[in-house]
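Sequences listed follow chains S and R, in order.
For the first sequence, the positions run 1 to 462 when this note's numbering is used.
For the second sequence, the positions run 1 to 81 when this note's numbering is used.
These are computed hints drawn from the structure, not numbers from a lab.
Given the structure is predicted, the values throughout are model-derived calculations rather than measurements.
Please note that the accuracy of each hint is not assured.
[Said to hold, decoys possible] Covered by chain R, according to a simulated footprint, are these stretches of chain S (three or more residues, beta-carbon under 8 Å):
1) 209-218
2) 226-239
[What the hints assert, rightly or not] Among the chain R residues that face chain S by a calculated CB cut under 10 Å, a handful are:
3) 25
4) 28
5) 57
[Unchecked claim] Within a straight-line C-alpha distance of at most 30 Å, the following computed DSS-like cross-link-like pairs (lysine-lysine) qualify:
6) 396/S to 371/S
7) 19/R to 310/S
8) 19/R to 14/S
9) 19/R to 361/S
10) 310/S to 14/S
Built from N, CA and C at the ideal position, the CB exists for glycine as well.
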Amino acid sequence: MAGGKIPGASLFAKDRSVALSDLARVTFLDTSRETLQGQCILLATRDQLPSALALLELDGHARRIVVCPGDLPLQYLPEIVATAQVDAIAIDSGASVGPDTVSGVRTITVHEQPRALAQPGAEGARAIGAIETEWVLLTSGTTGAPKLVLHTLASLAGHIPAPAVASTPGDAPRTWSTFYDIRRYGGLQIFLRAVLGDSSLVLSDAHESTPDFLARAGQRGVTHISGTPSHWRKALMSGATGRISPVYVRLSGEIADQPVLDGLRSAFAQARIAHAFASTEAGVAFDIDDGRAGFPAGLLDQSPGGAQLKVEDGTLRIRGARNASRYLGAQSAALLSPDGYVDTGDMVELREGRYHFVGRKGGVINVGGLKVFPEEVEAVINAHPGVRMSLVKARKNPITGAVVVADVVLAGDGDSPAPDVMTRSIVESCRNVLAPHKVPAMIRYVASLEVSASGKLVRPGA
Amino acid sequence: MRSTIVAQFQRVASEQNRKIAPLADDLALLDSGLDSLSFAIIVAELEDTLGIDPFDTTEMVDFPVTFGDFVRLYEKSMRAG
């Protein structure tokens with residue numbers, strides 16, 4: 001394929017690719033799109049490409065599409081299926097989501113090889129129009145079970161200019177890529193930019209090294225590429241940034257600090273480097289391309305792209321058409337405050353006319369773009385027989401933004417094992433049930449933890 | 001300095017159940033067998049041991065790519081600090 005040109009825009013996975021225009025005449029689903037009209041489909045494919053194809057085929061037909069990232073623990077599926085009222089689960093050919101976990105729900109297979117549509121062209125490559133399909137994204141919740149966030153294509157893509165506006169004749173064609181899984185908010189943004197702009201997209205792959213991914217993106221001529229600051233630090237440390245020569249480099253999902261912005265500036269001297277603020281609930285709020293961490297305070301008065309911003313009680317609040325509508329589920333908290341703003345939970349501090357992100361309200365920890373709720377880690381530590389109580393918090397880190405650390409009060413009847421033995425034992429019990437980024441990187445033993453008058457642990461920044 | 005860093009790499013690798021390659025100067029960090037989370041923990045542990053975080057300075061121009069770069073970054077920061 002080196003040097004060769006594929007006509008039209010394509011989705012490029014590691015081993016295969018699909019031309020977007022093909023979706024007008026073929027289908028990858030084993031069930032006709034008409035049959036799925038008005039249904040709720042959950043996408044649980046292992047790889048990104050089958051989910052991407054199912055999204056393109058089902059939008060406009062399905063009533064609701066629930067988009068699950070590839071690493072979703074299967075234990076949460078039954079609850080998600082019930083909450084979102086899922087009719088069918090889309091899986092890869094050859095894969096199985098485990099019949100016991102989702103009894104009573106049928107599966108749809110997304111095949112690797114397409115078959116011709118009965119009525120080619122009748123449905124169009126992107127079947128937008130018939131129904132305004134609800135898109136449901138997952139985000140981490142306090143207990144470890146994901147929260148379901150309800151969007152529409154309009155709220156997800158509202159700020160993405162239509163192709164006619166985005167590219168004037170004579171513009172070089174764009175090729176997008178992202179380190180993100182496109183089934184997470186940050187990745188989905190890039191997916192939508194590509195397909196709505198009729199541009200190609202190079203998908204990342206969970207089993208591919210950073211240099212190999214960058215080489216593959218480079219071979220496809222990537223011009224626009226996004227990732228979290230942690231993705232980018234890893235790319236910078238891979239020494240392989242020379243394999244791509246993008247004109248646009250985007251960071252989102254975590255605090256972009258000055259070293260990573262400077263590192264990217266030095267690696268990609270010709271590129272526009274922008275750090276975006278977005279969250280699954282609030283949507284895309286703004287992007288900053290002056291090469292400096294934080295954002296100018298003046299932005300609050302400008303409503304960038306129509307998003308209204310304010311800072312209240314130290315956190316950034318966002319209101320606008322890109323906000324999600326609500327959380328699904330009867331027990332769910334309200335997504336919007338009474339005044340219609342989403343509280344992002346991101347604490348900001350004003351220094352010399354610029355707001356800087358300083359962490360998360362309530363101690364939510366962002367490790368390399370993945371959220372960790374202290375409570376879920378504390379619950380595991382506190383279940384250890386040698387522990388009385390614990391406080392889990394973030395420690396700032398130049399590689400992943402933050403790491404998880406814990407202050408632990410031992411049950412202490414004087415005969416606790418040596419600290420290093422205890423630490424190994426606590427870490428071991430955390431590893432058994434928690435994802436690696438949630439396991440405390442460091443444990444400190446303290447005599448006591450501060451408890452407020454209301455009987456709650458005093459958390460930093462809460 | 002080097003021995004402190006080597007010891008830290010080995011300790012974190014064993015904690016994270018990862019096999020690491022021999023720590024030669026020209027070893028690419030991403031080929032060492034460690035992931036980002038492991039590096040994050042190493043940098044945090046070194047900050048506690050040595051009292052420096054060379055990543056958190058305005059002088060740092062380039063992210064280290066090889067193990068040798070990593071050691072030199074700490075040596076330089078130690079001299080400056």
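TODO: Could you tell me which of the numbered hints above are not met by this structure, giving the numbers in increasing order?
DONE: As far as the earlier hints go, 3, 7, 9, 10 are violated by this structure, in ascending order.
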